[in-house]
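Each residue of the sequence shown is one higher than the one before, counting from 36 in the working numbering.
Keep in mind that the hints were calculated from the coordinates and are not lab data.
Please read all numbers here as calculations on a predicted model, not as lab measurements.
Please note that a few of the clues may not be correct.
Computed beta-carbon distance windows for the label pairs [said to hold, decoys possible]:
| no. | residue 1 | residue 2 | range |
| --- | --- | --- | --- |
| 1 | 92 | 161 | 27 to 33 Å |
| 2 | 132 | 103 | 40 to 46 Å |
| 3 | 146 | 98 | 32 to 38 Å |
| 4 | 72 | 157 | 29 to 35 Å |
| 5 | 136 | 79 | 33 to 39 Å |
| 6 | 135 | 82 | 18 to 24 Å |
Below, computed lysine to any residue pairings styled on SDA-like, alpha-carbon distance capped at 20 Å [as the list claims (entries may be wrong)]:
| no. | residue 1 | residue 2 |
| --- | --- | --- |
| 7 | 60 | 136 |
| 8 | 60 | 130 |
| 9 | 99 | 120 |
Backbone N, C-alpha and C fix where the C-beta goes; we use that ideal spot for every residue, glycine too.
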Amino acid sequence: MPRDHRDQIVRRKTAGSSSPGGSRKLLNELAALFLFGFGVVILLALLTYSSRDPSWNAAGPQLKAENWIGPVGALLADTLYQAFGYAAILIPIGLFALAWWRLVDPRPSFSGARLLGLGLLGLSLTGLLSLAATCTPQ
């Protein structure tokens with residue numbers, strides 16, 4: 036069989052077949068991209084937080100949010116800082132880590148004990164950072 040004819044057959048077979056592994060890899064990459072993008076949005080909202088921004092529990096003469104993400108970022112940052120304090124900065128870091136794991140290992144295995152430990156670590160860091168904080172975000 037001539038070489039050109041074999042190359043055409045191989046190209047036809049590979050172009051027409053979509054393997055389940057290829058679509059799973061694409062979904063993992065899309066999930067990683069979404070997690071990374073969401074982490075960037077949350078990080079920018081937290082870093083540009085201003086207590087003067089309009090939020091759920093703040094009213095004042097300022098109607099326009101100074102937050103780089105806009106009014107949604109102001110509400111998000113205010114909610115996260117009130118719920119978790121300075122430990123809220125760990126949320127985008129965790130999203131970046133999840134995005135990385137989706138790219139490197141599409142099926143990471145987490146046991147219940149590890150997830151419980153991670154939750155307790157986050158809770159204890161929230162308390163520790165509130166004790167160690169000497170100033171509040173502006």
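Each hint, compared with the structure:
Take residue 92 and residue 161: their Cβ atoms lie about 19 Å apart, and the range 27 to 33 Å is violated. Judged by the Cβ atoms, the range 40 to 46 Å given for residue 132 and residue 103 is violated: they are separated by roughly 23 Å. Checking the proposed 32 to 38 Å range against residue 146 and residue 98 shows it is violated: the Cβ atoms sit about 49 Å from each other. Take residue 72 and residue 157: their Cβ atoms lie about 22 Å apart, and the range 29 to 35 Å is violated.
In this structure the hint that residue 136 and residue 79 lie 33 to 39 Å apart at CB is violated, the actual value being about 22 Å. Between residue 135 and residue 82 the beta carbons are some 20 Å apart, a value that agrees with the proposed interval 18 to 24 Å. A hinted pair counts as satisfied when its Cα atoms are at most 20 Å apart, and residue 60 with residue 136 qualifies at roughly 13 Å. For the suggested pair residue 60 and residue 130, the alpha carbons sit about 19 Å apart, so the restraint of at most 20 Å is met.
The straight-line distance between the Cα atoms of residue 99 and residue 120 is roughly 24 Å, outside the 20 Å bound, and the hint therefore fails.
Taken one by one, the earlier hints fail for this structure at numbers 1, 2, 3, 4, 5, 9, listed in ascending order.
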